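Peer 1: Just so you know, we're using our numbering here: the sequence shown kicks off at 4 and counts up by one.
I should point out that these hints are in silico values taken from the structure, not numbers from a laboratory. Hints are not guaranteed to be accurate.
Claimed, not checked - The following label-pair restraints were derived from C-beta to C-beta distances:
| hint | residue 1 | residue 2 | range |
| --- | --- | --- | --- |
| 1 | Glu70 | Phe120 | 35 to 43 angstroms |
| 2 | Ala102 | Asp48 | 31 to 39 angstroms |
| 3 | His136 | Gly31 | 16 to 24 angstroms |
| 4 | Arg117 | Gln44 | 44 to 52 angstroms |
| 5 | Gly74 | Glu123 | 45 to 53 angstroms |
| 6 | Gly139 | Asp30 | 17 to 25 angstroms |
These numbers come from a predicted model, not from an experiment. The beta-carbon is built from N, C-alpha and C at its ideal position, and this holds for glycine as well.
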Amino acid sequence: MFFSIDADGDLPIYEQIVRQVKLAVADGILVGGQMVPSVRQLANDLAINSNTIARAYQELQSDHVLEPLRGRGMVVRRDAMKRCTKARNSLVAESVRRALSDALAGGMTTAELRELFDAELDRQSAMIENAKHASGNGNS
4 MFFSIDADGD
14 LPIYEQIVRQ
24 VKLAVADGIL
34 VGGQMVPSVR
44 QLANDLAINS
54 NTIARAYQEL
64 QSDHVLEPLR
74 GRGMVVRRDA
84 MKRCTKARNS
94 LVAESVRRAL
104 SDALAGGMTT
114 AELRELFDAE
124 LDRQSAMIEN
134 AKHASGNGNS
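All chains, please: the whole structure from these sequences, using the hints.
Peer 2: Structure representation (structure tokens):
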């Protein structure tokens, strides 16, 4: 799994890791029963303090995404996908709410927002379709 950490961002590093693990589970990149890197390994790979990784893993355990496998490390819970999909959808909904609030406060009309949203949705959908066809995963 690949992590993208913004050390200068507003979101604490441990929360970035938590979000990225949840998104990876929601997207099926990480699956139930799959091992995640050890605290030491991930801390070394990301050049981050191991306490930060441990905190992220602890939160993921509390959120029922990861569970310890005695003597082996941490694994994704088999029932985590539904929970992570719900978390992903909440993150997206919050981002949309913030964007809409900012746009409306900035003077955009609902018609302008709908036009912008529809155009961007079409663009993003086309990009996904093109990527599927390019990788041979298209269903047409």
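Peer 1: All hints, please: hold or fail.
Peer 2: The hints, checked one at a time:
1. Glu70 x Phe120: 35 to 43 angstroms: holds (39 angstroms)
2. Ala102 x Asp48: 31 to 39 angstroms: Holds, at about 33 angstroms.
3. His136 x Gly31: 16 to 24 angstroms: Because 20 angstroms falls inside the window, the suggested range holds.
4. Arg117 x Gln44: 44 to 52 angstroms: Holds, at about 47 angstroms.
5. Gly74 x Glu123: 45 to 53 angstroms: holds (48 angstroms)
6. Gly139 x Asp30: 17 to 25 angstroms: holds (19 angstroms)
When held up to the earlier numbered hints, the structure conflicts with none and fits them all.
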